[in-house]
Amino acid sequence: MSPTEARLARLRGRTPPRRHDARTVAALTVNPACARRALMDAAGVDKQQLAAHTGYPAPFGQSQFAITRGNAFEAQVKDNGAAQLLTLLREILGLDITEAHYTDLNEVGGNQDSELRHVYTKQRLTAAVMGTGTMFDHPLLRLDVAGRYAYLEPDLIAFRHRGTFHIVEIKSFAIVDEQADPAKVAATAVQSAVYVLALRDLLGREDAVHHETILVCPKDFSNHPVVAKVDVRRQLGVLRRQLTRIERIDELLALHSDELTFDLDPGEDQRPRRPPEELANAVRTVNASYTPECLSACELCYLCRDEAQGTSGALGKMVRADLGGIEFTRQALDLARGASPGPDREEVAGLLVEAARLRQEILGET
Amino acid sequence: MADLIQTLERRIDRLRVAVREAVLAGDGTRAKTLRAELREADQAWEAALAEAELNRTEPPGLSRESQVGPDAGDGSSTQSSLLPLREQVYEALSLLQVPAAPRLIATVHEAFFATAFSTTRVTSLRRDEERSFRAAPFTRPYYICSALIADFLSPARALLAVSTWPMESRVIGSLSPRVDFLTAAIRVAEAVERIPGPMPAARRLLWRFAASIPGAAHSSGDVHPPTIRSAAEAELTVHADADSRTRREAAERARRQLSDVEQLFGIRLKPAGRAAGAVDGDA
Amino acid sequence: MSLLTALARVLAAETGRAQPIRTVRHVHLSGRPLVFIPLQLAGEACAPLAVLVGDDPGRPAMLTVHEPRDRTQRFDFAAALAEVILGYINSYSTVSTAPDQPYPDAPQLLVPNPQGAAFTRLLGRSTRFRRTDGEFAVKESVPLLGRWLSFYAERMEVPAAALLVPMTTVLADHWATGQSAAEDANLAALLGWIVPPPGMTGAAAARAAEDPVRFPPAGPATDPSFDNEVLEPRIRAVRAARVTGDGGALHRAQTAMEAALRTQLEPTWELMWRAIGLLRTIDEGAHVAERWQSDCWAFTSHVAHLRDGGFPQPRRDGAVAAAARLARLERDQQRLNVQRAYDDPLVMAEYRLTGEAFAGTVTEAQSDRLDTTGKRAKLRPWIVVETAEQVSAAPGTVLTCPARPGQAAEIIEVAPAGDLTHVTLQLSGGMGRALVPLPGSVPAAGETISYTTLRDDFQSAPRFPDREQTPWTHGGPPPEYVPPVSEDEAEDIA
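Here the protein sequences come in this chain order: A, B and C. What the first sequence shows, in the numbering used here, is residues 1 to 366, in sequence order. What the second sequence shows, in the numbering used here, is residues 1 to 283, in sequence order. What the third sequence shows, in the numbering used here, is residues 1 to 494, in sequence order.
Keep in mind the hints are simulated off the structure, nothing from the lab. Incorrect hints may have been included.
[To be verified] Here are the simulated lysine-lysine pairs, DSSO-like style, with alpha carbons at most 30 Å apart:
{"#": "1", "chain 1": "A", "residue 1": "Lys219", "chain 2": "A", "residue 2": "Lys171"}
{"#": "2", "chain 1": "A", "residue 1": "Lys122", "chain 2": "B", "residue 2": "Lys270"}
{"#": "3", "chain 1": "A", "residue 1": "Lys317", "chain 2": "A", "residue 2": "Lys184"}
{"#": "4", "chain 1": "C", "residue 1": "Lys378", "chain 2": "A", "residue 2": "Lys219"}
{"#": "5", "chain 1": "A", "residue 1": "Lys219", "chain 2": "A", "residue 2": "Lys122"}
{"#": "6", "chain 1": "A", "residue 1": "Lys171", "chain 2": "A", "residue 2": "Lys122"}
[As the list claims (entries may be wrong)] Here's a subset of chain B near chain A, in silico, CB distances under 8 Å, partners left out:
{"#": "7", "residue": "Gly26"}
{"#": "8", "residue": "Ala101"}
{"#": "9", "residue": "Leu104"}
{"#": "10", "residue": "Ser174"}
{"#": "11", "residue": "Leu236"}
{"#": "12", "residue": "Leu269"}
The model shown is predicted, which means the values in this text are computed figures rather than measured ones. In this text, a Cβ means the ideal position worked out from N, Cα and C, and glycines have one as well.
Given only the sequences and the hints, what does the whole structure look like? Please build it.
Written as structure tokens, this is what we have:
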């Protein structure tokens with residue numbers, strides 16, 4: 001284990017590292033400025049557990065209905081040698097009629113060990129050029145994220161002979177009248193981009209994996225699948241940049257005491273024993289970069305939000321921008337009431353005074 | 001009795017709130033304990049209500065006699081067969097003549113034999129059959145067994161086959177799922193042609209096959225068995241040779257290297273080592 | 001978003017209560033609106049689970065789909081919902097009115113949030129093409145409901161429209177809370193800031209409202225812990241009872257499921273009516289009635305369209321229609337902005353901050369000044385307005401005084417005078433036809449007055465080609481409209 005890995009392990013404490021998956025890797029691209037999140041994700045901290053133990057349980061949860069529906073739809077298109085999927089892929093990739101191979105990579109000889117599956121995946125995908133593979137079900141890819149391997153499992157990889165590999169993602173949100181929820185498509189695009197990176201890594205070649213990924217969704221209000229291409233070049237750029245940043249986690253670590261740890265001190269029953277306030281203080285020693293977007297993206301959001309009370313950022317990026325970048329609401333209020341502005345603040349101070357005066361004139365209040 | 005029911009209802013509501021709070025607070029252990037309590041309270045409530053109804057003089061609503069079992073959560077039809085499950089599965093597989101997944105088996109059975117069963121019961125069938133075979137090999141005329149993945153001769157995750165079929169039919173190469181799908185389409189089309197008035201379920205099944213075979217759609221827009229058959233046969237000729245080669249080679253290997261029970265139910269790759277006959281490179 | 005609103009948020013955070021950012025209500029509020037609160041099953045495109053709907057706060061109608069994936073039940077639900085909603089709509093369209101006049105009032109749908117409006121749109125889309133004959137027939141009221149819901153949802157695109165209104169949007173438009181806009185999307189939290197319970201700060205009330213157990217989400221999405229711990233067992237019980245054919249158990253299971261869903265709907269119902277009451281305490285802006293008239297017209301023509309057997313809305317616009325619609329929307333937005341500023345000094349204040357408007361005092365007024373340069377003399381009074389505010393408009397710009405909309409004021413000169421500015425304006429119009437102005441039509445010395453560059457230009461619509469002449473760059477003329485068959489009729493929905 002390298003010194004960095006050892007340091008990260010100490011930071012994490014006695015819990016096993018949280019395994020990265022495509023969703024968490026994709027989430028790294030949200031709020032790259034947050035050091036707190038970067039350190040936690042690099043160390044594999046279970047942010048959900050940590051948040052709960054400090055008294056700020058995250059508001060995230062998944063409905064069984066959504067999970068079941070997603071699984072059912074995926075199973076449906078992969079049924080019978082992926083018959084429905086093959087029909088769609090033939091149409092969108094122009095597959096030759098001979099290209100109908102189906103390779104199940106969910107397990108290797110009945111064994112589901114990740115290492116094994118990864119090796120087998122690599123074998124089968126590399127051999128695909130010899131005309132023995134078209135559709136690879138649940139291949140297991142790997143991506144190095146801050147010195148640890150994240151095992152990534154795309155729904156399917158399609159290979160067009162003498163052509164390239166395409167990542168295929170099967171989602172259960174609907175495409176209605178050729179339009180889908182933009183937020184969901186965007187989230188899928190980043191996830192797919194993670195897979196593209198990982199596959200390119202595995203094959204050792206960029207041009208072997210197409211930047212156009214395939215999205216399979218239910219059509220309108222039925223279970224009938226429909227297919228669309230999603231270009232992920234932009235997402236690839238963002239990901240590559242962010243993953244490079246994570247590689248420089250040493251620089252971040254150097255800013256903090258070697259003693260710092262987010263250890264939960266689990267007892268025999270696995271329940272955390274570390275005093276919550278002490279843990280929260282440890283968390284607070286690492287700078288966060290809270291914005292309201294965190295409320296839908298990161299399990300620590302409530303803790304960081306509490307901490308950010310009194311900042312203009314907590315009220316939103318636009319509010320902060322409207323206030324000319326003034327960091328604390330207290331400052332803005334003082335300026336509005338006539339406090340003398342520092343350098344660079346004269347213009348916004350003038351506007352704030354004017355704004356307060358206008359409100360006073362119209363509403364009769366201060 | 002009414003008091004008991006009300007008390008139980010209040011308790012259930014309180015427990016539901018408590019479970020949700022535990023989940024939201026991230027306390028998985030507590031949530032689990034509370035869920036168990038909740039289940040008990042729910043059962044007590046159901047029992048109390050049932051008893052209360054028995055004591056009432058008016059008859060309850062539309063009740064019907066039925067013998068369907070407890071796993072009725074999937075909305076399957078209530079008509080049940082007198083045959084044991086293994087025989088129903090055998091009926092369906094015999095029609096298809098190729099290894100198939102529980103869902104297809106159940107759909108075929110509903111379409112052609114008019115009774116349905118839940119897929120969850122089917123998945124546990126294979127385990128029961130293996131136990132039965134090991135206890136007394138070959139004592140039954142047939143066994144519902146696995147299909148084996150050619151590379152490792154391990155059991156294919158979701159496929160069932162019949163033990164009396166030749167080994168070649170029971171091994172799966174990379175083209176076999178497609179080949180078997182096309183073969184199944186042909187069999188189902190033939191079955192529909194044989195029956196004077198096929199059930200809507202049969203026509204729906206045939207429709208689903210047709211939607212995934214190029215050239216199988218008829219100009220009338222309706223399901224047309226001869227068109228489906230010829231379309232399936234046409235694509236089959238493209239894959240047949242390559243698939244047969246793979247299957248033959250794998251079958252020979254299986255007969256050579258595997259015991260009787262392994263030939264029916266496959267072998268599993270152990271974590272640290274490799275099973276006999278594991279493939280090094282390209283097939 | 002503006003500095004004024006940002007300051008209001010900061011003030012709210014400090015005082016612990018939401019701060020008003022409008023002095024009048026800019027959205028029409030019906031005397032008898034229909035509150036519509038839908039819940040949908042997670043993971044599906046549009047699988048209604050239950051709704052609470054009604055125009056009487058004391059009598060909500062609750063509709064439930066016991067098996068949300070069952071096609072028949074889904075369309076039975078749609079038919080039941082159609083009875084309520086179409087009944088409500090008809091109460092407005094069966095009022096007698098002159099042939100060339102709009103109905104005096106129009107039905108208004110209020111949903112908790114924008115996602116509720118999106119659900120309405122999808123529900124409309126999923127029902128309006130359904131066939132009333134054939135193997136998968138639905139009741140006639142179902143496609144009719146679909147067309148109405150689609151009409152309401154599409155009308156939302158019009159900036160000035162108020163036929164379908166999400167409550168969180170309206171509230172957030174009139175109050176600034178001490179939290180972020182993202183958090184304002186929670187109706188309970190938003191109302192917590194605006195009207196906190198006695199003894200609680202807005203912040204504390206909003207925080208408490210984030211607990212989904214005590215404050216169920218306003219929908220259409222349900223809380224996942226509710227789904228997993230409460231709803232799932234109840235749906236399972238309904239299914240089990242259906243399969244065993246035990247009528248008593250089925251009835252009990254259905255009742256229990258409805259009771260559970262009711263707990264997720266009733267609190268939002270209360271909040272909606274509380275919000276309506278709150279909005280009614282604010283006076284309407286001067287132009288609101290005029291905008292509502294447009295809505296009444298739109299409602300009236302849609303009634304006529306349906307009565308005359310018009311086709312349901314096509315799935316996508318042709319290119320010409322899309323371009324025309326975009327231009328119209330931009331015009332409407334501009335007009336709306338101007339009207340809001342004219343109606344509301346707090347909105348005008350935003351323009352005063354940016355220099356697009358100023359307020360001051362008239363220091364001089366030559367009310368009888370004539371312009372004799374042309375063939376005939378024209379009345380062109382000059383006034384000088386002294387203001388302490390920023391004036392960013394240049395000479396030659398034509399300004400308007402909100403209190404004198406029919407009068408144009410051209411800037412002749414902008415002259416600094418110490419800390420102040422003197423703006424010389426030449427007035428025309430709004431003074432009568434004589435060469436002597438009507439009394440009071442010219443601002444007098446000493447009067448407080450404000451001027452703005454904001455004008456409703458009433459630009460005429462750009463000329464668009466007829467649909468048959470859609471240029472090839474836009475895909476050529478659209479194909480003749482053929483009412484589409486719903487392809488997914490035969491599909492099991494799940």
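Hint numbers not upheld by this structure, sorted from lowest to highest:
Those not satisfied are hints 4, 5, 11.
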